[in-house]
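Residue numbers (the numbering used here), protein chains in the order written: chain F, 1 to 80; chain U, 81 to 310.
A portion of the hints provided could be inaccurate.
[Said to hold, decoys possible] Covered stretches of chain U, going by a simulated chain F footprint (3 or more residues, C-beta under 8 Å):
hint: 1; stretch: 128-141
hint: 2; stretch: 185-194
hint: 3; stretch: 204-213
[Unchecked claim] The calculated DSSO-like cross-link candidates involving lysine-lysine, where the alpha carbons are at most 30 Å apart (straight line), are:
hint: 4; chain 1: F; residue 1: K20; chain 2: U; residue 2: K209
hint: 5; chain 1: F; residue 1: K11; chain 2: U; residue 2: K235
hint: 6; chain 1: U; residue 1: K209; chain 2: U; residue 2: K235
hint: 7; chain 1: U; residue 1: K191; chain 2: U; residue 2: K209
hint: 8; chain 1: U; residue 1: K158; chain 2: U; residue 2: K106
hint: 9; chain 1: U; residue 1: K158; chain 2: U; residue 2: K193
hint: 10; chain 1: F; residue 1: K20; chain 2: U; residue 2: K193
hint: 11; chain 1: U; residue 1: K191; chain 2: F; residue 2: K41
hint: 12; chain 1: U; residue 1: K191; chain 2: U; residue 2: K158
hint: 13; chain 1: U; residue 1: K158; chain 2: U; residue 2: K82
hint: 14; chain 1: F; residue 1: K3; chain 2: F; residue 2: K64
hint: 15; chain 1: U; residue 1: K251; chain 2: U; residue 2: K158
hint: 16; chain 1: F; residue 1: K64; chain 2: U; residue 2: K158
hint: 17; chain 1: U; residue 1: K235; chain 2: F; residue 2: K64
hint: 18; chain 1: F; residue 1: K11; chain 2: U; residue 2: K191
hint: 19; chain 1: U; residue 1: K251; chain 2: U; residue 2: K82
hint: 20; chain 1: U; residue 1: K211; chain 2: U; residue 2: K235
hint: 21; chain 1: F; residue 1: K41; chain 2: F; residue 2: K64
hint: 22; chain 1: U; residue 1: K158; chain 2: U; residue 2: K211
hint: 23; chain 1: F; residue 1: K64; chain 2: F; residue 2: K11
hint: 24; chain 1: F; residue 1: K41; chain 2: F; residue 2: K3
hint: 25; chain 1: F; residue 1: K20; chain 2: F; residue 2: K41
hint: 26; chain 1: U; residue 1: K235; chain 2: F; residue 2: K20
hint: 27; chain 1: F; residue 1: K20; chain 2: F; residue 2: K64
[As the list claims (entries may be wrong)] Part of the chain F face toward chain U, derived, beta carbon under 7 Å:
hint: 28; residue: G19
hint: 29; residue: I34
hint: 30; residue: N70
hint: 31; residue: I71
Quick caveat, the hints were computed from the structure, so don't treat them as lab data. Every residue gets a Cβ at the ideal spot worked out from N, C-alpha and C, and that includes glycine.
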Amino acid sequence: MAKVNVYVTLKPSLLDAQGKVVQGALENLGYSTIESVRMGKFIEIELAENGVALEQAIDEMCRKLLANPNIENYRFEIAE
Amino acid sequence: MKFGVVQFPGSNCDQDAYFAVRDVLKQPVEYIWHQSTDVSGFDCIILPGGFSYGDYLRTGAVARFSPVMNAVQEFADKGGRLIGICNGFQILCEAQLVPGALIPNNTLRFKCKYVNVKVANNTSDFSSKCKPGQVLSIPIAHHGGNYYCDSDTLKALEDNNRVLLRYCDAKGNVTEEANPNGSLNNIAGILNDRGNVAGMMPHPERAVEPILGSADGVFILGSIVERLES
Numbered sequence: 001m002a003k004v005n006v007y008v009t010l011k012p013s014l015l016d017a018q019g020k021v022v023q024g025a026l027e028n029l030g031y032s033t034i035e036s037v038r039m040g041k042f043i044e045i046e047l048a049e050n051g052v053a054l055e056q057a058i059d060e061m062c063r064k065l066l067a068n069p070n071i072e073n074y075r076f077e078i079a080e
Numbered sequence: 081m082k083f084g085v086v087q088f089p090g091s092n093c094d095q096d097a098y099f100a101v102r103d104v105l106k107q108p109v110e111y112i113w114h115q116s117t118d119v120s121g122f123d124c125i126i127l128p129g130g131f132s133y134g135d136y137l138r139t140g141a142v143a144r145f146s147p148v149m150n151a152v153q154e155f156a157d158k159g160g161r162l163i164g165i166c167n168g169f170q171i172l173c174e175a176q177l178v179p180g181a182l183i184p185n186n187t188l189r190f191k192c193k194y195v196n197v198k199v200a201n202n203t204s205d206f207s208s209k210c211k212p213g214q215v216l217s218i219p220i221a222h223h224g225g226n227y228y229c230d231s232d233t234l235k236a237l238e239d240n241n242r243v244l245l246r247y248c249d250a251k252g253n254v255t256e257e258a259n260p261n262g263s264l265n266n267i268a269g270i271l272n273d274r275g276n277v278a279g280m281m282p283h284p285e286r287a288v289e290p291i292l293g294s295a296d297g298v299f300i301l302g303s304i305v306e307r308l309e310s
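Input sequences plus hints: build the corresponding full structure.
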C-alpha cells in the first residue's frame, strides 16, 4: 500500500489570474501584508503496492497527465 | 471530401460542425466516437468544441488520451487535415499536435461573444479563400482561451508564418483592447510546422449562415474543401 501526494504548480512566469483574485479577496478581508498568492493542485494517489519502480511510475504519471510541462511544475512525496 | 467530427464525452459543438459541413459545405460527414481506433477514409478530421471530460484536471488533458487520438495522431503524421476548434484546440495542445498551451482567460470570465480575427496567414490549407489580412467576424465561447507558449516557440510560430488568426478590432488593428483573453501576440489560431493541423479558439462552424450573425466561418471551413479538392 502506498500513498503519494502530488503538488502541481503553475510556472512562475505565467500569470495566475485566480491567485490574483484570491489575493485581492484576502486583502479585502484586511490582510494587508500579502505579497503574492499562487494556486496549484494537490492530488492524493493511493496505490495497491509500494514497488521498487513507484517513484518512476509517479513521475511518468505527472509528466504524461497530472501536469502539463509547458505551463506547470510538479513535485511529489511518498507519504507511506 | 469526407469529413469526420470526433465526439468526446462532453463535446457539445459536434453537431454544429456536422451540420456546417453537411448542409453548408455540402460535403459527406460522419461522427467519430472517441473510442474508435479507425479513422481511415477521412480527408479532414474536426476536433469540436465543448467540455470534454468536464475540463477536469485541465481542459483537454484527459481527452488527449482517448483511444481515437492514436489514430488521429497517425492521420496527422501522414498529412491528413486536422482542425481543432476551441476544446479541440486545447486537446491538440495537450496532445502536442500543435505547440503551446491554453490557460484560463486573464479576465477569469467566460467570454461568449462575436470577435474580429485577422487572417495572418492566408496561404494555408485553412485560409486559402481569405484575402491577406482579411477580418473575419466569428464567435468565441471560452474560459480557457489564453494562448501561451515559451519564447522559442513564439519566435518559431511568428518567423515561420504559423500564426493563422489574431484577435483584432473591426478595422483589423491588432490591439490589447481587441484581445478577449490575454493570448500572447493576440494569437487566436495557429498551424503546426507542416501546415496540415490547425487549432483555433473561435468557432467558424457557428458562423456559416447569415441568419446566425455571420457567415465568415465559411472562409475557413471552405478553404479546407478548396485545398482538398485541388
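Now for the hints, and whether the structure bears them out:
As drawn, the stretch 128-141 of chain U meets chain F at 3 residues by the rule of a beta-carbon pair under 8 Å; at three or more, the given contact holds. Taking a C-beta to C-beta cut-off of 8 Å, the stretch 185-194 of chain U contributes 4 residues in contact with chain F, enough for the three needed, and the coverage statement holds. Check on the stretch 204-213 of chain U: 0 of its residues sit with their Cβ under 8 Å from a Cβ of chain F, so the three-residue criterion for coverage is violated. Our distance criterion of 30 Å between C-alpha atoms is broken by K20/F and K209/U, whose separation comes to about 42 Å.
A hinted pair counts as satisfied when its Cα atoms are at most 30 Å apart, and K11/F with K235/U qualifies at roughly 20 Å. Distance restraint check for K209/U and K235/U: the Cα-Cα separation of roughly 26 Å lies within the 30 Å cut-off, and the hinted pair is therefore satisfied. For the given pair, K191/U sits about 28 Å from K209/U by alpha-carbon distance, which is consistent with the 30 Å threshold. Of the pairs offered as hints, the one joining K158/U and K106/U holds, with about 25 Å between alpha carbons and a cut-off of 30 Å not exceeded.
This hinted pair does not check out: K158/U and K193/U have alpha carbons roughly 36 Å apart, beyond 30 Å. About 25 Å separates the Cα atoms of K20/F and K193/U, which keeps this hinted pair within 30 Å; it holds. Proposed proximity of K191/U and K41/F is supported: the alpha carbons are some 24 Å apart, at most 30 Å. Between K191/U and K158/U the CA atoms are separated by roughly 35 Å; this puts the pair beyond 30 Å, and the hint is violated.
The hinted pair formed by K158/U and K82/U meets the criterion: a straight-line CA distance of about 16 Å does not exceed 30 Å. Proposed proximity of K3/F and K64/F is supported: the alpha carbons are some 19 Å apart, at most 30 Å. About 38 Å separates the Cα atoms of K251/U and K158/U, which puts this hinted pair outside 30 Å; it is violated. Annotation: proposed proximity of K64/F to K158/U holds, straight-line Cα distance about 24 Å (limit 30 Å).
At most 30 Å may separate the alpha-carbon atoms for a hinted pair to count; K235/U and K64/F meet this at roughly 26 Å. Between K11/F and K191/U the CA atoms are separated by roughly 24 Å; this keeps the pair inside 30 Å, and the hint holds. Only pairs whose Cα atoms come within 30 Å are accepted, and K251/U paired with K82/U is rejected, the gap being roughly 36 Å. Simply put, K211/U and K235/U have alpha-carbon atoms about 24 Å apart, close enough for the 30 Å limit, and the pair holds.
This hinted pair checks out: K41/F and K64/F have alpha carbons roughly 16 Å apart, not beyond 30 Å. For the hint pairing K158/U with K211/U, the CA-to-CA distance comes to about 28 Å; that is within 30 Å, so the pair holds. Under the criterion of a C-alpha separation no larger than 30 Å, the hint pairing K64/F with K11/F is consistent with the structure, at around 17 Å. With a C-alpha separation of about 16 Å, the suggested pair K41/F and K3/F falls inside the 30 Å cut-off, and the hint holds.
Pair hint K20/F plus K41/F holds up; C-alpha atoms about 16 Å apart against a cutoff of 30 Å. Among the hinted pairs, K235/U with K20/F is consistent with the structure: their alpha-carbon atoms are about 28 Å apart, no more than 30 Å. A hinted pair counts as satisfied when its Cα atoms are at most 30 Å apart, and K20/F with K64/F qualifies at roughly 28 Å. Contact between G19/F and chain U, as hinted, is not supported at the beta carbon level, the nearest pair being about 11 Å apart and thus beyond 7 Å.
Because the smallest distance between the Cβ of I34/F and any Cβ of chain U comes to about 18 Å, over 7 Å, the interface hint for this residue is violated. For N70/F, the interface hint holds, the least distance from its beta-carbon to any beta-carbon of chain U being 4 Å, beneath 7 Å. Hint status for I71/F relative to chain U: holds, with the closest Cβ pair at about 5 Å, below 7 Å.
In this structure, the earlier hints numbered 3, 4, 9, 12, 15, 19, 28, 29 are contradicted, and the remaining ones agree with it.
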